[in-house]
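Colleague: If you're matching them up, the sequences are chains A, B and C in order. Residue numbering for the first sequence follows the working numbering, starting at 1 and increasing by one per position. Residue numbering for the second sequence follows the working numbering, starting at 1 and increasing by one per position. Residue numbering for the third sequence follows the working numbering, starting at 1 and increasing by one per position.
It is possible that part of the hints are untrue.
[To be verified] Below, computed lysine to aspartate or glutamate pairings styled on EDC-like, alpha-carbon distance capped at 20 Å:
id, chain 1, residue 1, chain 2, residue 2
1, C, Lys78, B, Glu163
2, C, Lys117, B, Glu161
3, C, Lys83, B, Glu159
4, A, Lys57, B, Glu136
5, C, Lys16, A, Asp143
6, B, Lys79, A, Asp238
7, B, Lys79, A, Glu250
8, C, Lys78, B, Glu161
Don't read these hints as lab results, they were simulated from the structure.
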Amino acid sequence: MSTTSEMMIPALDTDYDLYFGPAHPGSGNFGVKLRVDGEEVVSARADPGYLHRGFEKLMEYRLPLQNAVLSDRLCILEALNWNLVHAEAVDELLGIELPERARYIRVIMAELSRIQSHFIWFGAFCMGTGFDSGFKIAFGYRDYILDLFELITGGRVYPAGYICPGGVRRNLPEGAEQKILQVLEKVEEMIRFEEMEHPTLTSRARGVGILGPADAVRLGATGPVARGSGIRTDVRRDDPYEVYERMDFEVPVRSEGDAYARYLIGIEETKQSVKIVRQALSQLPAGETIAPELRKPKLKAKIPAGQVYVRNEAARGEAAVHMVSDGSIHPYRVKVRGPDFLHMIPVLEHLLKGAQVADVPAIYWSLNICPADMDR
Amino acid sequence: MEPVREAEILQSLKTKFGVEGEVQRIRRVWVSIGKEQVLEVSGWIKEQGFEHLSSISVTDWVEDGSYELTYHLWSPRDKVVVTLRTRISREDPSIASVMPVWDRSAGIHERELHEMFGVKFEGNPDLAPLFLEDWEGPPPFRKDFDWREYTREKYYNPENEREHVYYE
Amino acid sequence: MKITVIGQLLKNLVSKPMTVKFPHEAIPIPEGYRGEHVLDIEKCTSCTLCAMICPNRAIEMVEAPPEYKATYPKKYPKIDLGKCCFCGLCQDICPQGGLTLSKNFFLSTFDVSTTIKAPFPLQSAQSAE
Chain A
1 MSTTSEMMIP
11 ALDTDYDLYF
21 GPAHPGSGNF
31 GVKLRVDGEE
41 VVSARADPGY
51 LHRGFEKLME
61 YRLPLQNAVL
71 SDRLCILEAL
81 NWNLVHAEAV
91 DELLGIELPE
101 RARYIRVIMA
111 ELSRIQSHFI
121 WFGAFCMGTG
131 FDSGFKIAFG
141 YRDYILDLFE
151 LITGGRVYPA
161 GYICPGGVRR
171 NLPEGAEQKI
181 LQVLEKVEEM
191 IRFEEMEHPT
201 LTSRARGVGI
211 LGPADAVRLG
221 ATGPVARGSG
231 IRTDVRRDDP
241 YEVYERMDFE
251 VPVRSEGDAY
261 ARYLIGIEET
271 KQSVKIVRQA
281 LSQLPAGETI
291 APELRKPKLK
301 AKIPAGQVYV
311 RNEAARGEAA
321 VHMVSDGSIH
331 PYRVKVRGPD
341 FLHMIPVLEH
351 LLKGAQVADV
361 PAIYWSLNIC
371 PADMDR
Chain B
1 MEPVREAEIL
11 QSLKTKFGVE
21 GEVQRIRRVW
31 VSIGKEQVLE
41 VSGWIKEQGF
51 EHLSSISVTD
61 WVEDGSYELT
71 YHLWSPRDKV
81 VVTLRTRISR
91 EDPSIASVMP
101 VWDRSAGIHE
111 RELHEMFGVK
121 FEGNPDLAPL
131 FLEDWEGPPP
141 FRKDFDWREY
151 TREKYYNPEN
161 EREHVYYE
Chain C
1 MKITVIGQLL
11 KNLVSKPMTV
21 KFPHEAIPIP
31 EGYRGEHVLD
41 IEKCTSCTLC
51 AMICPNRAIE
61 MVEAPPEYKA
71 TYPKKYPKID
81 LGKCCFCGLC
91 QDICPQGGLT
101 LSKNFFLSTF
111 DVSTTIKAPF
121 PLQSAQSAE
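Take the sequences, apply the hints, and build the full model.
Modeller: Okay, here's the thing in structure tokens:
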């Protein structure tokens, strides 16, 4: 009796190229060329550059205040975190002392931006694995934080350089602190939703995309991707900036290294961010919100010569800016290091090798990818 | 907090390799090395615990006729950033790649710098173009690449009055 | 396998929606929103600081047409809303407080000529377009 296997057609040379590309609804502005054999990915090649705008060259022709407006477009999903890195680089070159109230407001805005970026991560992860209701609920709750941004900075998505060199552009309006506390309660509702059992998500994300600790260091992973593989690193704890030394928060670490571990770390980090915002609000002092010499925008202020390297913890990993100045009014060279530059090219190509085609979205979205700070 | 560990690291680099440097503030040490010492210093400093390469950057100093390369390294144990700076010639820029020490996290930075500045990294097996497609001109981030002329020739439409602000 | 999320989804079915029926109802816009520009021409001293600080060069200083030349002899800002990124730097730098941003964001249009905000009404005989 012939079994089914004898009746099957013998395998042909079946490697084919599958383009998980930039016009795909589930991949953002970024393409990956997969070489697939049947259902298994043999190798992957990243194809970046669809969003390359040449920021490093654009910033050489503008004043630091105009660069602050430009810096929120480095990655719009975490705009205030990028505003903060750029402002810190200019502050360190100028060598000025910031007022205390400005530093606390900067920390509050950066943590709110991190919370809304993690909601987008949860929503995109749900969409990629098929749980579409989670996507819509996440974006619904994100809107409460965007209403807060509209009240404080004047724009829902683009804060237009709210965190600028010298401090922040405007003071908190009347009643902003009460509103922030009300929004934090809504955020906790969303965290309770995220912690429920989502069968689609867990069955698709468990055990795929495992990144070991040695590979994570070798390939340059930072942020939640490294913490999901057992490496205890957080720039806010190791290399503190602003007032993070006075804040009490934990750094969640998991050792499994799969997509589900990274997902759980995202939820833990949101909880810690809520804790930081509550502490910062209770310690917020009165006073100035911007250094006196930078209160009115100046067109001819020179930046002292020198070089600085500033590192921050953005929502996706380690964000750094290397700024060189030669004493004129424009910066001479600005180099931006985005966390996704390392996550999308070496780490993704390593993780996709040997994976099944059906697991590609779960691995892809678990790395929390934003093509904007890869291409700059 | 006094920068004690930073001063120790700077002192050991000075005695072992004869290089100059400074402690800029806590957690930041800047060291200038020679171009041929890059691989040796990198190998030694990785053993001291500097496992994470944060980034590699190039600054184009036109008057001096040189490129300044900076390697920013982080040690999770000592919690210090050490920056190695070195100068190479601008006309024929080439230097040994540090991929044997830091693997692909250095390789991807070198690939981008090769495309944008034209630096040849010897020993890096993958220097294919990264962001730009079908680019025939000079490396675009050099200071002597006149991007205004390039966009004016390629994209300016004099019929459109709103573009006059940028090109007149 | 616990499926607690079904309880939450059933609760969402009967609770109040998160959205309002725009444009019949609207959430009030807070003060300080960065919308369309409003120029108070009596306060303008033609210092051209707004044109110099704009990151996108959206502001151009133009002279008044002949019938307004006597009362307004200097140059005044003409804003190209298509280039503007609504950052508000021009509002911060104006020393007299003449250029401010209002709460109007209903700016999308099919007619390209409305994207240029000139300080004076353009006469059809003199207009360049």
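Colleague: Taking the hints in turn, state whether each one holds.
Modeller: Status of each hint after checking the structure:
1. C/Lys78 to B/Glu163: Given that 20 Å is the threshold and the Cα spacing comes to 15 Å, the pair holds.
2. C/Lys117 to B/Glu161: Holds, because 15 Å separates the two Cα atoms, which is no more than 20 Å.
3. C/Lys83 to B/Glu159: 18 Å, holds
4. A/Lys57 to B/Glu136: 19 Å, holds
5. C/Lys16 to A/Asp143: Holds, at roughly 16 Å.
6. B/Lys79 to A/Asp238: 6 Å, holds
7. B/Lys79 to A/Glu250: Answer holds: B/Lys79 to A/Glu250 is near 18 Å, not above 20 Å.
8. C/Lys78 to B/Glu161: With Cα atoms ~14 Å apart, C/Lys78 and B/Glu161 stay inside 20 Å; holds.
Of the hints listed earlier, there is not a single one the structure fails to meet.
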